[in-house]
Amino acid sequence: MEKLLNDFSVGLFAWQVLLFVVLMLLLRKFAWKPILNAVNEREDSIKEALDSAEDAKREMAKLKSSNEDLLNEARADRDAMLKEAKEIKDKIVGDAKATANEEAEKIVVAARESIQHEKMAAITDLKNQVALLSIEIAEKILKDELSSADKQKAIIDNVVKDINLN
Amino acid sequence: MEFRNSVIIVLFLMLASPFGLMANDHEESHADKANHEEVEALEMSEADVKAAKRKEYIQHHLQDDHDFTIWGAKGIGFPLPVILWDDGLHLFSSSKFHHGETVAESKGNFYALNHGKIYRTDAEGTITYDEHHHATNVKPLDFSITKNVFTIMMVGLLIFLVFARFAKSYKNNLVPSKGGKFLEPLVLFVRDEIAIPNIGEKHYKKYMSYLLTVFFFIWFLNLAGMVPLGIGVTNNIAVTFGLALITFIITQFTSKKAYWGHIFWMPGVPTPMKIILAPIELLGVIIKPFALMIRLYANMTAGHIVLMSLIGLLYVFTNWFAKGAFLGLTLFLSIIELLVAFLQAYIFTMLTALYFGGAVAEHDDH
Numbered sequence: 011m012e013k014l015l016n017d018f019s020v021g022l023f024a025w026q027v028l029l030f031v032v033l034m035l036l037l038r039k040f041a042w043k044p045i046l047n048a049v050n051e052r053e054d055s056i057k058e059a060l061d062s063a064e065d066a067k068r069e070m071a072k073l074k075s076s077n078e079d080l081l082n083e084a085r086a087d088r089d090a091m092l093k094e095a096k097e098i099k100d101k102i103v104g105d106a107k108a109t110a111n112e113e114a115e116k117i118v119v120a121a122r123e124s125i126q127h128e129k130m131a132a133i134t135d136l137k138n139q140v141a142l143l144s145i146e147i148a149e150k151i152l153k154d155e156l157s158s159a160d161k162q163k164a165i166i167d168n169v170v171k172d173i174n175l176n
Numbered sequence: 482m483e484f485r486n487s488v489i490i491v492l493f494l495m496l497a498s499p500f501g502l503m504a505n506d507h508e509e510s511h512a513d514k515a516n517h518e519e520v521e522a523l524e525m526s527e528a529d530v531k532a533a534k535r536k537e538y539i540q541h542h543l544q545d546d547h548d549f550t551i552w553g554a555k556g557i558g559f560p561l562p563v564i565l566w567d568d569g570l571h572l573f574s575s576s577k578f579h580h581g582e583t584v585a586e587s588k589g590n591f592y593a594l595n596h597g598k599i600y601r602t603d604a605e606g607t608i609t610y611d612e613h614h615h616a617t618n619v620k621p622l623d624f625s626i627t628k629n630v631f632t633i634m635m636v637g638l639l640i641f642l643v644f645a646r647f648a649k650s651y652k653n654n655l656v657p658s659k660g661g662k663f664l665e666p667l668v669l670f671v672r673d674e675i676a677i678p679n680i681g682e683k684h685y686k687k688y689m690s691y692l693l694t695v696f697f698f699i700w701f702l703n704l705a706g707m708v709p710l711g712i713g714v715t716n717n718i719a720v721t722f723g724l725a726l727i728t729f730i731i732t733q734f735t736s737k738k739a740y741w742g743h744i745f746w747m748p749g750v751p752t753p754m755k756i757i758l759a760p761i762e763l764l765g766v767i768i769k770p771f772a773l774m775i776r777l778y779a780n781m782t783a784g785h786i787v788l789m790s791l792i793g794l795l796y797v798f799t800n801w802f803a804k805g806a807f808l809g810l811t812l813f814l815s816i817i818e819l820l821v822a823f824l825q826a827y828i829f830t831m832l833t834a835l836y837f838g839g840a841v842a843e844h845d846d847h
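Line by line, the protein sequences give chains F and B. Residue numbering for the first sequence follows this note's numbering, beginning at 11 and increasing consecutively. Residue numbering for the second sequence follows this note's numbering, beginning at 482 and increasing consecutively.
This is chain B alone, in the form it adopts within the complex (with noise of 0.2 Å):
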């Protein structure tokens, strides 16, 4: 019972943090793969069988995938098309993979899954490892229809929907419709309390659409992640550095002069610090939306492991009192995450509104 425990423990505190995660591929990637499965066989006990595959679900899940699958890596799905640039077009069904147990061929060449990723193989699917046991096959450029691309593309439709039906029905009346009384208060709540605070009644309107547009499009996909389809997209780097670099785009293509001017040459300050000031400040113009693309993709990330760590607890426990007391804290974290869905959306917004402020700022004080 107390080795049960202190494994309970250990596979808790690993899962509660995403760097847990990552260290410990680290350790795992280091150590002698052979000899490694050789002593895990004899040692794993049923728990720790158990235990690797909570891991690996909890993994996948939080993965982008060639397939929809709702329930779990194989479960009730539906393919999705792979759309592959390697010396010409490759375009196929994600279904040619069967959940990559099989080589898919294409145009003659032959693909292969690995871990999420499609790389080029032979017939027999053979894949090569280096010492760090990453896989040394050529990867193809993979532009295939995923199940993130899939989610943005239906989330982007319903928001599409909704705020295009809900912009039609000012057309008879001023006054919102049913719908219209949830969704103006937040349309008003991003002009009001984000656009305008931040960036000034002067510049505001031309950046409107974008803040509207990320703003809902951050919280829509943050609820999709919710919803027990394991779909979270927000969770994925690639989505939130798209999201940061469209933010530092408009940032420097909108700044005005004084923002150049802030950067370079700090008026107000003494030359040396000008010149001290100056590296330092056109860091901050990467920094900052470095540190939107990482505080949105690791506070979801985050979430979405101490949730499924939680759940993956439901199972651990024999106990139906700690079986309660879990069903419980995941509830609890549910609704937890509910807020923080709203309010990534709400920070990042904010920032990028925030940055906008400062690109178009007339520095008339000074």
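One chain only, chain F, in its complex shape (with noise of 0.2 Å):
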């Protein structure tokens, strides 16, 4: 301890007090607050930096969620449309099978119409034809029957036999 006291050197003790002081305040202004400050400046930056990109993530994946809503609510516009042309498609088909199963009963009808139409034209015209030559073949049986005198009064003979029975 004495020697301790011995060797204290005030001189010394003053050059490093005053020396010190001067080095801090010297260093405040020239070093430790530029440093700090930009230190502090950078940190805030990245914090920003990476808040934003928090953000962006965030956004990003609203974002995608909308998407995915779009993409369903396309889908389901879709599907609702191809049923809607479906069930068109399905009614036109039926329609048009009821008509045409209509068409071809109504020409099925008129064609038997015809059918019998000319069916019967046709019986009209062999009457008429049997009629002529029942006619052609009771003339040539007449005439040939008629043409002697005996024959004649056969007939007439006969024709009036029958009246006086009445």
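Cut-off 25 Å, straight-line C-alpha distance, at most; resulting in silico cross-link-like pairs (DSS-like, lysine-lysine):
1) B:K755 with B:K737
2) F:K150 with F:K137
3) F:K43 with B:K662
4) B:K652 with F:K57
5) B:K686 with F:K43
6) B:K652 with F:K43
7) F:K57 with F:K72
8) B:K652 with B:K687
9) F:K39 with B:K652
10) B:K662 with F:K57
11) B:K649 with F:K57
12) B:K737 with B:K683
Simulated from the structure, these hints should not be mistaken for lab results. As the structure is a prediction and not an experimental result, all values here were calculated from the model.
Two chains, each in its own frame: build the complex with the hints.
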């Protein structure tokens, strides 16, 4: 302790305090303030950048989910449209089928009618032909029958006999 | 051979602790000087003379000096200005002392160097001693630019240049430059590991300048002491006292009401305890910076003595195997000392921040 006190140099102490304080003031102005400010500024900017990145991420997620929604909606629309189209198609097809059936029915009926008609005409024609043939045959027979006086007289007798009977 | 070994062991034990040195001095001073010298001259073997020389060398190495010498007491170096206040300003070069061999004359007064101190003397350089072998001559106020002051100036300049340059590099770019990549983590270390945890987010900013300066100041000076120029500054009690005093002053002047409340009227304890605690707490105010001063001083001094002793042992041993072993040990301890250089700067700054934190704490929890 005695040695320590003996060795204690007031001059060195004074110089040391003076130099240290001067150094501290100089460093404060020229080093610590700019350094700490720069570091703070950088830390703030990093924090900001991180925050904005986080925001962007969130925004992206939001966008993505809304995209998904849109897609789903579109898909649903498409499905609905397809369904509707199918219905319409089915309806058209059904209608067409019904119309065609009707048409066919009509054609068949008409055909049947015309067939009937033709048949009747044919029958009538046939009847006329038969009648004509019959008259011709009758004429020929009559001519043949009335060619001689005996035969005429037999016929008249026959007719008169018939009348007498009445 | 056995005798030599025991001498070495004694030497080592003496040199290994600063208190050993002091105790030795004390004994010597009590002995009858004349008688002592006579006996010494008769009994001192060659090895003893060498050992005594080594011890002197180590002590000299730890002391401040008026010359800037790199190699031994009279080795390579250059003189520094001597500034004395002795009924007027005396300014002259330390080369006038011729390493303490001659008396320097300035404005009609004569001054002589004795064990690194300047005393006023006469033309013949007479130094009178009291019974404790202390010089009784008048000691003028010595504000010389000594080796330590010169080193502080140089290291201070270095710190300033390094950090001013580093600060400038931020002007163009917020990303640190090459050198800044090394320095910035250290600055952030002081801020994030020392200042903020101990002082708190709210108040730490106003202390940053001091904490950063004291951290780098101590660290750089410790490192400067590690280079083989022999310019240990932080192993000087005047330097550590100066630093501790500034810490003390800042603590007291920035303290809040709660700090004094805790010293004089400790809240939350019974009244008799408050009365007992007040003087203890008040004493603690002084003891805290005092411990700072002693811790740094003792650590650096001890480190230097151990290293110097090991280097000394290199010369004591003639055995090459032992020389190699001590060389390895010296290297190992040098690396440890590099760590200690940082550690002591950290501890000083940490505890300073802790005291600042105590001064501004608001104690909402009570």
